[in-house]
Amino acid sequence: MAKLILLLLKLCILFFVVDAVFEDQVGKFDWRQQYVGKVRFSHFDTQLQSSKKVLVATESNVFAALNSRTGELFWRHVDKTGPEGNIDALLHHAQDAVLVVGNGRMLRSWDVNVGGLNWEMLLDTGSFQSACLVGQQGTVKHVAVLKKTVISVHYLSNGHQKWVENLPESETVDYQTVYSGGNGQVFVLGVVPHSHITIVVYSMEDGEIIKQVSVEAPWLSNIPASCAVVGQGTLMCVDSTTMSLNTLDLHQQLQMTQIPLQSLGLEVDPDFHPSLVSHQPNPAQKPLSEFFLQLGPERYLLLQLNNGQIVTLRDFKPALLSSFVTTGEKTVAAVMSPKNKTACSINLFSSDTGRRLLDTTLIFTVDPNGGKPERLHVQAFLKKDDSVGYRVMVQTEDHTLTFIQQPGRVMWTREEALSDVVTMEMVDLPLTGTQAELEGEFGKKADGLLSMVLKRLSSQLIMLQAWIAHLWKLFYDARKPRSQVKNEVSIENLSRDEFNLQKMMVMVTSSGKLFGIDSKTGEILWKHYLDNVPKNAAFKLMVQRTTAHFPHPPQCTLLIKDKDTGLATLHVFNPIFGRKSQVTPPALPQPILQSLLLPLMDQDYAKVLLLVDNQYKVSAFPSTKNVLQQLQETASSIFFFLIDSSQGRLSGYRLRTDLSTEQVWEVVIPTEVQKIVSVKGKRPNEHVHSQGRVMGDRSVLYKYLNPNLLAVVTESTDVHQERSFIGILLIDGVTGRIIHEAVQRKARGPVHVVHSENWVVYEYWSTKSRRNEFSVIELYEGMELYNSTVFSSLDRPHAPQVLQQSYIFPSSISTMEATLTEKGITSRHLLIGLPSGGILSLPKMFLDPRRPEIISEQSREENLIPYSPELIIRTEWFINYNQTVGRVRGIHTTPSGLESTCLVVAYGLDIYQTRVYPSKQFDVLKDDYDYMLISSVLFALFFATMISKRLAEVKLLNRAWR
Amino acid sequence: MSQRGRMPLLWLFIQAGLVLVSCFTDMETGPGAGVSTQPNGDKFKIEGRAIVPGVKTQDWVSTARVLVEGEEYVGFLRTDGSFAVNDIPSGSYVVEVVTPTYRFEPVRVDITSKGKMRARLVNYIKTSEVIRQPYPLQIRASGPHSYFMKRETWGWTDFLMNPMVMMMVLPLLIIVLLPKVVNTNDPEMRKEMEQSMNMLNPNPELPDVSELMTKLFSGSKGSSKAGSSSSSGSKGSRPAAKRR
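Which chain is which? The protein sequence lines are D and Y, in order.
So the first sequence is residues 1 to 962, counted in the working numbering.
So the second sequence is residues 1 to 244, counted in the working numbering.
Just so you know, these hints were derived from the structure itself, not from any lab.
No incorrect hints appear here.
Derived DEER-like restraints, expressed as beta-carbon distance ranges: (1) P179(Y) with T945(D): 12 to 22 Å; (2) K28(D) with M166(Y): 32 to 42 Å; (3) D930(D) with L172(Y): 20 to 30 Å; (4) R120(Y) with K28(D): 41 to 51 Å; (5) T875(D) with Q58(Y): 16 to 26 Å; (6) Q232(D) with Q58(Y): 38 to 48 Å; (7) V181(Y) with F939(D): 30 to 40 Å; (8) K28(D) with P163(Y): 26 to 36 Å; (9) R120(Y) with E205(D): 46 to 56 Å; (10) T875(D) with L172(Y): 39 to 49 Å; (11) I125(Y) with E23(D): 32 to 42 Å; (12) G54(Y) with L382(D): 39 to 49 Å; (13) E171(D) with I125(Y): 53 to 63 Å; (14) P179(Y) with S936(D): 22 to 32 Å.
In silico DSS-like links for lysine-lysine, alpha-carbon gap of 30 Å or less: (15) K949(D) with K215(Y); (16) K150(Y) with K926(D); (17) K844(D) with K126(Y); (18) K191(Y) with K949(D); (19) K150(Y) with K844(D); (20) K768(D) with K680(D).
Rough simulated footprint, nothing fancy, chain Y against chain D, three-plus residues with beta-carbon under 8 Å: (21) 21–35; (22) 104–112; (23) 115–122; (24) 829–837; (25) 877–883.
Just so we're clear, the structure is a prediction, and the values are computed from it rather than from any experiment.
Idealized CB from N, CA, C, for every residue including glycine.
So here's chain Y without its partners, still in its complex pose (with noise of 0.2 Å):
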């Protein structure tokens, strides 16, 4: 009741609808119909205020719009933020203040023919389900709205921490520390590693991978190209020979 009290001009208003209304009833075919040939008298006002915390309205209010059902009715914002959209006939609407900067959650208002206001929460799947929010509307910002995406940015610890590097450097210091801790000069231990490496090399015919890569990094860098090609032969050939 005491926002009725504050808006003495609406009440009015919306009494005066009230008396044509119950005039109308009778003959009422259908709310569209109905609506559409009255040319005054149970048209409404919703009203309302958008709030954007810690942002001026003159910063934004330039680019606000509301928006009742879609375009169907448009209302303006005021310099401070309130709005008013004028002339709707009673019904159940969704009303959005739309910017392009600020999210704003659209309320239900609905305007009973005797144009009494109630607003609440939108929700599509259960269109009857009442949630009260204050009317006259306040439609606080919910924050900026985020139209962007984050670009994935690289970053050392994502590059050490991916599973395809752990199996790499984890080998790797494994093949480089094991000989400091193990004696590598100890004949015997060095003949089981032989064996064990002839285990997991099965296929001794196969072209090593490293060799090819020395090969074709020291063909590519010799002074001359016989000299070169013999000497990459010759250090190509000779670990190969030493492994049989």
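So that you can see chain D by itself, here it is in the shape it has in the complex (with noise of 0.2 Å):
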């Protein structure tokens, strides 16, 4: 009985925590972005006229197939990260993808149609180098991969191995390129850097060496970069030292024949490295006798090869880019020239005589906050009228993907640099003017009792027009069909909704390129480049200004900091427009260690950045005279912490009033043992809002809410599963007070962290149980506070209660944070990245080290649950349902103005925002909230009043006569 009574509690606890999404809801609030990367290979699906796809190979470890004609994702395959899940080569031929992974250690064949695997085949282990598909007497039936020591052929029907041979004289020759020209034959290239080309011929059908061969060539060293083959099988290679074009036979093998490039009345750019593309339409056949030199930056030239003769077809100058292209059997080249500053024109050329085509100019406006334009994807296709007409894909610097379709219409971007977001902030869209002539009024100090009134009225009367134009709008659009009625959004009309539930969402990325995304609907409203941003930098986003201080505008600060040389630079911009502000940032000349925001604001409501370089000296930005002033009064209360997890040393230091520091405390982990993986603090901008915990007995047990507390995490160096272990610190940032240490041991990493009110939640892999666990720490003052108004770290004399539980969590995690709300009211939730997908929104409720094992009274009377060892993943609470997020890096949340709705934003390759509530929405109506029910009641009642009031008097009336 007791256990049922148990169970029921059980239900009904669960039901209330319940925080699931409700069908209709789907897109409501909430939108994804699907990207794929940075694109490494890319092939238009060209087997049907008609199909729409393009397959893209990326950076990101991504096999994906798009829609060309939407820039949709057709299906999207993510691989492991790191080298092992690296897309080496992708070859395509017919309905097979052929995909050469992880430095050649798996073949991969997917079926182009379906998004499914076809096979997949492990191969000997060695360093890939090139891969192709081998044609004969017409058809196509095998792919070559060449390693370092080993050429092998596979079939494409099942990726069976057809032969594998290990290459000749491998320890001295560096074997690089591999070719087939569709005769059964199949062309190994290596080269003796500063002495000879090899080539080793191998029959298709057996693997046999037909012929090897070793040529003078003594300044080749890298074959792929400066030489082609062209023509009949004719190697050409480029040769930048004696600045010629240099020629041999692949059949007869000879000798190299010289061409310099001046008999052809060409000049190369000094310090260019001149390079060659050619061209074979289909592996079974020989490739064209025409091909590119690229001579500059800005040239290239075609050029044929006619009898051992080179002639030149036409000279590009200027051209940024250039590309070869068959359809049926015509081949055209495309070459992008530059026309004008923001804008640049791509024609089509007919490859065999350099003819321009006519109608085929196509205009591509560079964006001016983009990159230059990188790569030039052009699909081909031939017209009722058998002319060829083309779509080109255009991929920039800054990862950007433009699907452009003649004369110059875009029909999609993409931008990839979404799929490696970094660090990201939501900033509040800024008052209407309205709103601001409404706050204005309250900031100002009283000038009179009179003015005062007419301030008043006039405000009023503002608010009342703009009423009027919001009705006359709605009644407006409500007599246009709904298709028609769009609510565009721009950056001119962006506005603070009521709620505060639409931000900005300010996203840095990996490649430098920042956006401005409205949170609502997910465009983006600005974008800007940052093309001096080094590949390896760290990224910290602050805001300095909110838009809360009409009329300075908001703003942002990037610190963008070189992660080998410790050198940064700021980036001070307007986080709702995008653009650079006015203000002029700092540079820098020293190693930056540590930034801090501080609460202290000038006298233009920035907040105070101090920065602290390597030599210890701290430098502020914005530092008028008045930040200085300020700095100086408040120096003593200023504390910071710097980490050298190389060391192991954490070190708290204090400001001085001349800017100087001076050391506090110092706390070293002996590197020998343990490594320090994260630290981490308290987010400045949350609220606590209640003090303690009522019990059962109606005592009430005290938070400790440090807000100075620092957890740190480390990791044992030993990795022995019997050994390792990890640790968790909780260090108070300004005394180096050890507040509390746990280990748990047998444990190792990854270990993912939320620190937030008194509680510390952190989840590590138990080496011994071979599962995943999370642990919470909850801190507490105990039964009275001892300073319930002010917390000091100096002054808190007793040491706080220390609760800690540990459960079973039956998956691996990504990420992990906690959801954030205005006051702190609502119940926490910690939102959970999964490595499938989903994000899962779990109720603190379940950790929370109270949990009890035996259930009393007074747990009850808590609403303890009681202790289970395992926490269960219900699929009712993912946030996202099946819009799964790939690679889930990072969940920020934003409180929103309405204390029930955290706003989330969970990016990866993904990015995904939604609304979560975590104690349901008991501020807002809800969104099923029944009008129609409680305005049919109410009109019932009333008419039940009239007629039984009617009733009455009709009654009374016969009374009074009787």
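Both chains are sitting in their own frames, so use the hints and assemble them into the complex.
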């Protein structure tokens, strides 16, 4: 019986905390954008004229098919990150796409139409060099994979190995390219640097070496970079030292013929390494005898090899990019040349004559906030009159893909930089003019009763006006058909909504491109490409001034730090418009160790940013007199900490009035035993509503709410599963006092930590039981509060009570974050990104160290859930239902104007934005609120009263007559 | 054994692994360290098939992935629903097939250092418990994921069965039906009823809610203000006077 009651209670609790999505809410306030990453290889599916597929393989180890009409994904396959999932080559034939993955470890063939795997083959180890399709008698049936020491040929149909051969003299010869001209022979080209080229010819049938020749070429070291096979099997190489083209007939292999570029009347830009581009329309046929020679950053030549003679067909100057494309029997060359500052034109040229094809001009507008065009992917098709039409996909430096149709209509753009968001912030939108007017009324100091009244009236009038205008718009829109009514979002009409639910998402991507995205629709409102960002930069985004200080514009500062040198730059911009601010950021000549945003403001309401350099000197931004004075006054209460994980040192510093620093404390964690993995403080914008928890016996257990508390996670250097451990240290950031230390034995990382209020939740891998475990630490002051008004780290004599409990979690996790609301009244949930792409909203209630093992009257009173070791994952708790987020890397939570609502953005390969209601929508009417019912009940009651009144009157009259 | 017969290639592979492993076992310091240093030989393959009953494989394989121990190893599904995850060192792993639409139960696969495979049910609490599962894995979808909550729909039955409504309806019925049953014209009865009414209403000074409502509604309805107010006053006062 007791068990039954327990079960009932559990069910009851579950019912109350359930926070699921309703089916009709799909897409109402959430959206997802799917990305693939920076494109490395792309192929247009040409097997059918009507095919709409673009196959892309990216640097994020993603292989996907895009719809060329809309830019959406047909399907996408996300492989492991890191070198094991790295895509080395993409070969496409008919409806099969062959990928070489993981430095030649795996050969995979995909069915392009279905998006499923045909076969997968494990190859021998060895560094991958090159791969090509091998055709014979007009059909393509094999694929050849060249590695450092071995070449193997596989059947396209099932992946089975046809033959594998060790390459001769592979210790000395650096084999680099494999080529097949469709005549039953496979050519392997290798080079001994500064000596000669080695050409090995294999028979397609049995892998027998037909021929093996060496040809003198002392200047050659890299075949793919400077050579190409053209025409009937002629190896064409360009030598940048002697400025000459060298040709070698692969079938006769006598010696290289040198043709100086001067004899063709050509000159090479100094310091430019010329390169060649050839084209093989079909792997079963010979390559074209025409090829491109790039002579300078803006110069291409279309050349033709004609009986050993090189003929210049056309000189493209200036030209940015060029590409060959074949449709049917026709091959054309597409060349992009700059037109003016903001536009480029793309033209088609006949490949065998170099003549420009009529009516093939296409204008590509270069985004001034984007990067330069980097690659050209051309899709050509035959029109009804047999002329060639085409579309292009332009890839720019900022990883953007733009798909353009003639004469320049942009069909879609994909901002692939968003596949790698590093950090983000959500900024409140500015107030509208009327709202600002109202704000201004309250902001200014009073200047007389009469003027105040007048101002009040005038603003009231303005509001009335706005309201009437709004009504008029509603009425006007209602008459139009629904499809025409579109709420166009543009930067101009952006304004804060009633509950501050719509915000500007400022996203920083690793490529250095910044985005401003409307959180309601997901539309990109502005973008800004920073082109001088180092490859391995670390970013930190700070909101220095919010939109609350009208007329001062909001201001965000991005700290970009080179991880190697430590040198940093600041980019100051307006988060609403994306424009660079007029404020000139200070130059930072010294490497920066730490940055902190103080709650102090200068006279323009910009928060002060302190930067600590490697000399432990502090500089402030903005550094006006006002700021410096404020800093001097408050210097004694400004503390900061530095972490040196390589030496295992945590140290705390205090600011002196002259902006130098002094060390206050230091904690050294010996690096031989363990290393610091992460340090987490609390969110500065976090509010805690209740100072304590009411217990079952009506006493209060006060929370230990130390805003300076840091959670330091360490991992053991010993990885043996019996001896590895993870440690968690709770350190006061001001005094360096270690509040608590916990060690989880037989556990290893990756550790995910959330630190908030008075609790720390962390997740680790238990090597002993081979499962993921959650552990929660909660800190309490006890039954009475030492000083309930202010918390001071320096004056807290009693150590907090520490409670801890652990649970089993049935899945590994990718990232974790806690929900955050305006006032902190709403209960908290943990948002957990799972590798499956789901984002689980787990009530914090389940991670409560006070969950009792034996249920008692008091714990029931407190609504504590009885302890059970395993946490469950319910798909109803997935806030993103089936909209999975690939490779979740971060979850960003922001409070909205409504206490019940928290805005959530999950980012990784995809971006997903939604709202969560951890305690349900208690402060607004639910969206399934039945207006019909309530109004019909009201009307019914009204009429019932009327009727009964009438009846009563009649009755009274009758009675009076009696 | 029949399973092994079906995959001679794998068996060969495992045997090759076995030979290599036996050379390495002596110097093995720990599985983690030992595995990472060996380039090949003791890497195995987890094979299986995922089935969604009643759905064509083409319709769902493009969204599916096989995750081994989180995202540590990733495999993809072939167009017939079968899969193989390569390059896995010996150990114990949880294999999951994930799709956004269908739910698959995870399976634990143990691989010995000799390459022997065993599949069993995942039990995170009793980790050593063995309930054997077929290997190569046969993972059958247990239905579509249920992501959504049902809206509480409003129906007349819900409304009527509500205890509050019941409490309201039953007295109403009594009020309406009782006068029909009991003869109200009987003066004795009426006297009795009036007495009981007075007992029910101990404080006659308290304004009656229904009276207030009638006042309010008649006031809003009237054509002339003065007339309506006077009439409502007279109407309102009359029953009150009568009751006294």
